[in-house]
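Participant: Chain by chain, the residues run as shown.
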Amino acid sequence: MNLAVRSNVRIYAARGEGGMNCGRSLELMSKGKILADPIITHHFRLDQIHDAFHTYTERIGNALKVVIHI
Amino acid sequence: MSTSSGWATASPSRSTKGCDRCENCIKGWYTSCLNYGDVSKGHRAKGLTCDGGFAEFAVNHINTLYRLPENLSFEQACMVTTAASPLWAIDLMGGYVAGETVLVQGPGPIGLIAVQLCKALGAARVILTGTRDSRLAIGKGLGADHTINVRNENLSDRVREITGGRGPTASSSAPAARARCRKRSRTSSAAAASAWSPGTRARSRST
Chain A
1 MNLAVRSNVR IYAARGEGGM NCGRSLELMS KGKILADPII THHFRLDQIH DAFHTYTERI
61 GNALKVVIHI
Chain B
71 MSTSSGWATA SPSRSTKGCD RCENCIKGWY TSCLNYGDVS KGHRAKGLTC DGGFAEFAVN
131 HINTLYRLPE NLSFEQACMV TTAASPLWAI DLMGGYVAGE TVLVQGPGPI GLIAVQLCKA
191 LGAARVILTG TRDSRLAIGK GLGADHTINV RNENLSDRVR EITGGRGPTA SSSAPAARAR
251 CRKRSRTSSA AAASAWSPGT RARSRST
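Line by line, the protein sequences give chains A and B. 7 is the number that my numbering gives to position 7 of the first sequence; each next residue is one higher, with no gaps. 125 is the number that my numbering gives to position 55 of the second sequence; each next residue is one higher, with no gaps.
Isolated chain A, as found in the complex (with noise of 0.2 Å):
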């Protein structure tokens, strides 16, 4: 901390979806500079979800993003 404080580094801690910063990512992703696509990479029913969460939690397939379809 020490070295931060001389260095004059500045450290943020940023919780969550603040400062309505849904509505802008929805605008990237609109106009394509953010791909969702890549980064999904498992798919379930909701009947499932408990195979989804194994798939998440263990990684398998080199799970990314699991998405759950209703």
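The list that follows gives simulated cross-link-like pairs (lysine to any residue, SDA-like), each with its CA atoms no further than 20 Å apart:
#1 Lys31(A) - Leu212(B)
#2 Lys97(B) - Gly19(A)
#3 Lys33(A) - Ala194(B)
#4 Lys65(A) - Asp47(A)
#5 Lys189(B) - Gly178(B)
#6 Lys210(B) - Leu225(B)
#7 Lys65(A) - Phe53(A)
#8 Lys31(A) - Ala190(B)
#9 Lys33(A) - Val167(B)
#10 Lys31(A) - Tyr136(B)
#11 Lys33(A) - Leu212(B)
#12 Lys65(A) - Gln48(A)
#13 Lys65(A) - Lys210(B)
#14 Lys111(B) - Ile132(B)
#15 Lys65(A) - Leu206(B)
#16 Lys31(A) - Pro139(B)
#17 Lys33(A) - Gly211(B)
#18 Lys33(A) - Glu170(B)
#19 Lys31(A) - Ala168(B)
Chain A residues, not near chain B, derived (Cβ > 10 Å throughout):
#20 His50
#21 Asp51
#22 His54
#23 Thr55
#24 Glu58
#25 Ile60
No wet-lab data here; the hints were simulated from the structure. Glycine residues also receive a C-beta, built at the ideal position from the N, C-alpha and C atoms.
Fit chain B to the known structure of chain A by using the hints.
Facilitator: Only chain B this time, still in chain A's reference frame:
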């Protein structure tokens, strides 16, 4: 995900509505609401303090709704909170990414979106670190200029090499990595932690 006439919730499982009456909410910091968890004061955290989105229908406060752009699917839109979290971190850091060298630690969904955000906002260079080559490869495909697998390479040495010995001007830590930025950071640089690491407990406070 709950829907009504083309409106999508901020997230299928988590979207935060502050109490709208505490000091933090009034400042726009509703994710740090001082009445966090107090449903009687109007705070709602979908899937945490009230029912989430794993249902055909769900009730959401209108303040938490965003209109879904026509060219996005619900599936793509379920990433919106994941995108908004690192964007909020960039926002808090000053929002000015153009021309900066950014070190993104952790190639999980948040880190991979942080890479794209920094590129979209004009970062000169984005360096992505992680432990899984499969994820680093996705990061490269999404715009990371350099990737470092910290299991095989010395992070400090590689960052110094990439930045000509100066270090990055900004660092962003996703949950997959701990914020050990200082040794690799430049003087007067900024570091942001945009999500919790496994094992870190969220503290809720109700007053």
